[in-house]
Amino acid sequence: GAVVSQHPSRVICKSGTSVKIECRSLDFQATTMFWYRQFPKQSLMLMATSNEGSKATYEQGVEKDKFLINHASLTLSTLTVTSAHPEDSSFYICSARDWGQIGEAFFGQGTRLTVV
Amino acid sequence: GESVGLHLPTLSVQEGDNSIINCAYSNSASDYFIWYKQESGKGPQFIIDIRSNMDKRQGQRVTVLLNKTVKHLSLQIAATQPGDSAVYFCAETLSGGSYIPTFGRGTSLIVHP
Numbered sequence: 001g002a003v004v005s006q007h008p009s010r011v012i013c014k015s016g017t018s019v020k021i022e023c024r025s026l027d028f029q030a031t032t033m034f035w036y037r038q039f040p041k042q043s044l045m046l047m048a049t050s051n052e053g054s055k056a057t058y059e060q061g062v063e064k065d066k067f068l069i070n071h072a073s074l075t076l077s078t079l080t081v082t083s084a085h086p087e088d089s090s091f092y093i094c095s096a097r098d099w100g101q102i103g104e105a106f107f108g109q110g111t112r113l114t115v116v
Numbered sequence: 001g002e003s004v005g006l007h008l009p010t011l012s013v014q015e016g017d018n019s020i021i022n023c024a025y026s027n028s029a030s031d032y033f034i035w036y037k038q039e040s041g042k043g044p045q046f047i048i049d050i051r052s053n054m055d056k057r058q059g060q061r062v063t064v065l066l067n068k069t070v071k072h073l074s075l076q077i078a079a080t081q082p083g084d085s086a087v088y089f090c091a092e093t094l095s096g097g098s099y100i101p102t103f104g105r106g107t108s109l110i111v112h113p
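Keeping their order, the protein sequence lines are chains D and V. Numbering of the first sequence is given in the numbering used here, commencing with residue 1 and proceeding in unit increments. Numbering of the second sequence is given in the numbering used here, commencing with residue 1 and proceeding in unit increments.
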């Protein structure tokens, strides 16, 4: 099956710094990537939909300037958490959909962000 | 999908039993449904999917049932094994260019040996 690689798997950063999370589709071209946030024992909440070469579409309540998304190529999307605060600590997950594929999107392994 | 709550529903079963996990979805226009398994600290893993033109689909040890009338989806796992212990999510979406999966609440499955 298609592979989506997310990096890093874990990151600890100081409050006020920025953290970049990468999401790569390894064996397919992903025109669309999705970024989710998940709190403990809760469901995945869609943050934004990222389309290659265009601006991301953010869900209501998600701060665009706080969570910067870049989808510069068909195999890479990045999420940058800017000026991170402890409340940004969460599990962030990306998924990618194959170009022309009508089936499901594939998920990365997730990134555990801890802001101290 | 269902509203996100603070606590995941839990289903506890004995090894070898059959498990049934239920999900209610919200958008009557959704035409593609997916079940995912998520183990602790990992991303969701695809299990099985079903399109709205079907009401049942079978995989290896898993069956998904779709009832569009009441907007209900279920996942049946036969001969549940300890390795099946995880959180299971259903996702609903429109297929094609409007594909944006929305996740349901999730159910924690605990399989006792």
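To be clear, the hints were calculated from the coordinates, so they are not data collected in a lab. Where is the CB? At the ideal position from N, CA and C, for every residue including glycine. A few of these clues could be false.
To give an idea of the chain D side of the interface with chain V (calculated C-beta under 7 Å), a few residues [unchecked claim]:
1) Cys13
2) Gly16
3) Lys41
4) Leu44
5) Thr49
6) Glu104
7) Gly108
8) Gln109
9) Thr114
10) Val115
Covered stretches of chain V (chain D as the covering partner; in silico rule of three or more C-beta atoms under 8 Å from a C-beta of chain D) [to be verified]:
11) 43–49
12) 52–58
Hints broken by the structure, by number, lowest first? 1, 2, 9, 10 and 12
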